[in-house]
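Colleague: Chains as they are written, first to last, in the numbering used here: chain A, 12 to 432; chain B, 12 to 432.
Don't take every hint at face value.
If chains are identical, the list can't say which one is meant, so a pair holds when it fits in one copy or spans any two.
[Claimed, not checked] In silico EDC-like pairs for lysine to aspartate or glutamate, Cα to Cα no more than 16 angstroms straight-line:
1. Lys130 <-> Glu207
2. Lys130 <-> Glu203
3. Lys64 <-> Glu93
Note that these hints are calculated values from the structure, not bench results. Since we're looking at a predicted model, the values are computed, not measured.
Number of protein chains: 2
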Amino acid sequence: MSERTASILAVGSELLGTTRVDTNSLFLTEELEALGISVVRKACVGDAFEGLKAEIAVALDRAPLLVVTGGLGPTDDDRTKEAVAALLDRALVRDEKILGHLVERFRRRGIEMPRVNEKQADVIEGAVVLPNPRGSAPGYLVEARDRTIVLLPGVPSEMRAMFREAAAPLLARTARGPAVRRRVLKVAGMAESAVEQLVQPVYAAHPGHEVTILAAQGEIQLHFASRGTPEAAAGVLDRIEGDFRKVLGNEIFGRDEETLEGVVGELLRARGQTLALAESCTGGTLAGRITDVSGSSDYFLGAAVTYANSAKVGLVGVSPETLDRFGAVSEEAAREMAAGARRAFGATIGLAVTGIAGPGGGTPDKPVGTVHLALENGDGTRLHRRFIAPGDRALVRRWTTSAALNMVRLHLLGRADARRG
Amino acid sequence: MSERTASILAVGSELLGTTRVDTNSLFLTEELEALGISVVRKACVGDAFEGLKAEIAVALDRAPLLVVTGGLGPTDDDRTKEAVAALLDRALVRDEKILGHLVERFRRRGIEMPRVNEKQADVIEGAVVLPNPRGSAPGYLVEARDRTIVLLPGVPSEMRAMFREAAAPLLARTARGPAVRRRVLKVAGMAESAVEQLVQPVYAAHPGHEVTILAAQGEIQLHFASRGTPEAAAGVLDRIEGDFRKVLGNEIFGRDEETLEGVVGELLRARGQTLALAESCTGGTLAGRITDVSGSSDYFLGAAVTYANSAKVGLVGVSPETLDRFGAVSEEAAREMAAGARRAFGATIGLAVTGIAGPGGGTPDKPVGTVHLALENGDGTRLHRRFIAPGDRALVRRWTTSAALNMVRLHLLGRADARRG
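Based on the provided sequences and hints, a complete structural model is requested.
Modeller: Here's what the structure looks like:
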């Protein structure tokens, strides 16, 4: 047996409701990948016996290893063990040793064991029992032909302990797959399709490395993975990253866990600069992203969220004439806001955002999504950028904060065309 | 065709990684249940064509309705449409009308459409096209024999709009079975355990209605459901809601889709009041929540995000002596910030937040999470509240914005003990 791929099945009607998602699979995926086993599908199914049996059969058909969580409890709707036994045509055999542990476990808590718990001592014929140090339900590892099934409790703390302490060591003996290493590169200020076109050749040059491109609210992520010895995998990832950087250059703002606000913060700190904002359509969410970073008080002085025009005049000194002639959503207003924010907070860099987040307020020449960004630096730099952000109000706002942060980033990197930022 | 049961399939390799779970299925489950359709299984699969095709076949075998999210984008690894077409042995036909819409959509944003987007105009033969008001990828409803397949984008905002506006009406024509109605009541400013104690008797009085309590970042949600004819179910929900309101009263700020920021906004509008903020530890996220509500410019004038002490003095006139004597995180500073915000923006209500979000900056007498809220109203009302918010930096900030909004809500409801808000 050598599982290079696995399915994960989460059992429980509560996972088919409107409030809960299966998060056990995130832990299991990471643990399996460390064993060189990649997860090719995940499913959730209810407690109904026939449906459960059918899902287990499907999963075994799709990958040689199946990890099931949930349905090992003492109640009538805990049927996972029964479904596996029925599918493999195996008996359930009462294990007196397990029964003794159960009785003892309850006795220690000063409770007489309820009769329903007895069935937790019934073992699938030929299965390896996985002890449960934190709960009453034992788990199982069952081998059938060229398939392996691991049954774990649904309670996260029990599931984690049992997998690490009992299941992983057994799987490690037989798993042959090399370990998987992952990396993510992040791009701001570009459309997904534009990135896609630039990186097509890189895909082609590195076949079979699961390169995935994800658009995440004004940010594009390039996910790629490699398997092999840790050293070999890292080497491949470095080569792929190098090729992405060749075509994307400075458009790549970060890697893995790095965030745009974190990267901009590091640049401000490194260059001894301070930032102040005048925000309109983003309504404080740009300052919110910047201050999500702990320690941001080192370089961020504050923001004037000038939602009303009176505030644009009163707090950052935009001239009423500018608002009358060009409107609050204009290059002129944005430039005065940037200068005013810099002045009001005494920062080295003033950044301004004004636009139409929608759904209302759009006009033919200024449709919803129209945004003006302006940046003024004490060194005399004055930048402006206009764009039309895509999507609904929430996306326009998020997209705009990313574009604004990216404008600061490109400015600090000293790139001439920060306008494109 | 009459679907009483459905499968949900989420497509995308990122959903098989270690960081993301499919949450679209929670929304879809609720929408399907409202149509009398119950979800019997959910699955996630990667982008690989053969695996995707196999999962679709399996899902159609398990339930007569399949809703698929993701894989409709323009990139090479968006293959959902192709997999369905191959499985049903149908052609993909270029639709010039859709192509026109796509080109126009890009033109409006001042971008020439990348060639890769053209494939988004290819339609599965015989499918109903579901328009995408918020993105470029159209969706599809395909009927094959006694099966129905609905294809939706993976981007939540696009998926939601498309399902509600285009897919649900088509499914409603044919769906049968008793509908499940759900309701959510929302409480702010209370600990989960305190809510739990108050509502225990209500649980007991209404057995078998799946009452669930969820704590969500400074907000407690009471979820409950009933099954039957829309009228009967609604009647039951009304009775349960009535009982919850008897024990919780004004602590309940909203229902179902209502948000705290939306409710506060309606109160401000109804009372003809305007709001201005001085935020420190929340760093703009309070203004951000308020302006998430479209139309908030009717009552929200703006915020001074006074992250640096110099900004507290310069923008909202906190006296340097106050900062020296009591510190920036103090009742005195909060009260001066509230008054200053009101004055600076010319609002009827000034609200101030100052605190220690952490992880650094805590002291024995002012531990991380210490927050002072202050509110000043032109009518002479002056409120102050101090609390210690739980959790890490992100939770402290979120929790604080909820407490601040709730303070305004209780003040506008004219409750004497708004201090508790």
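Colleague: Of the hints given before, which are not true for this structure?
Modeller: Per hint list: zero violations.
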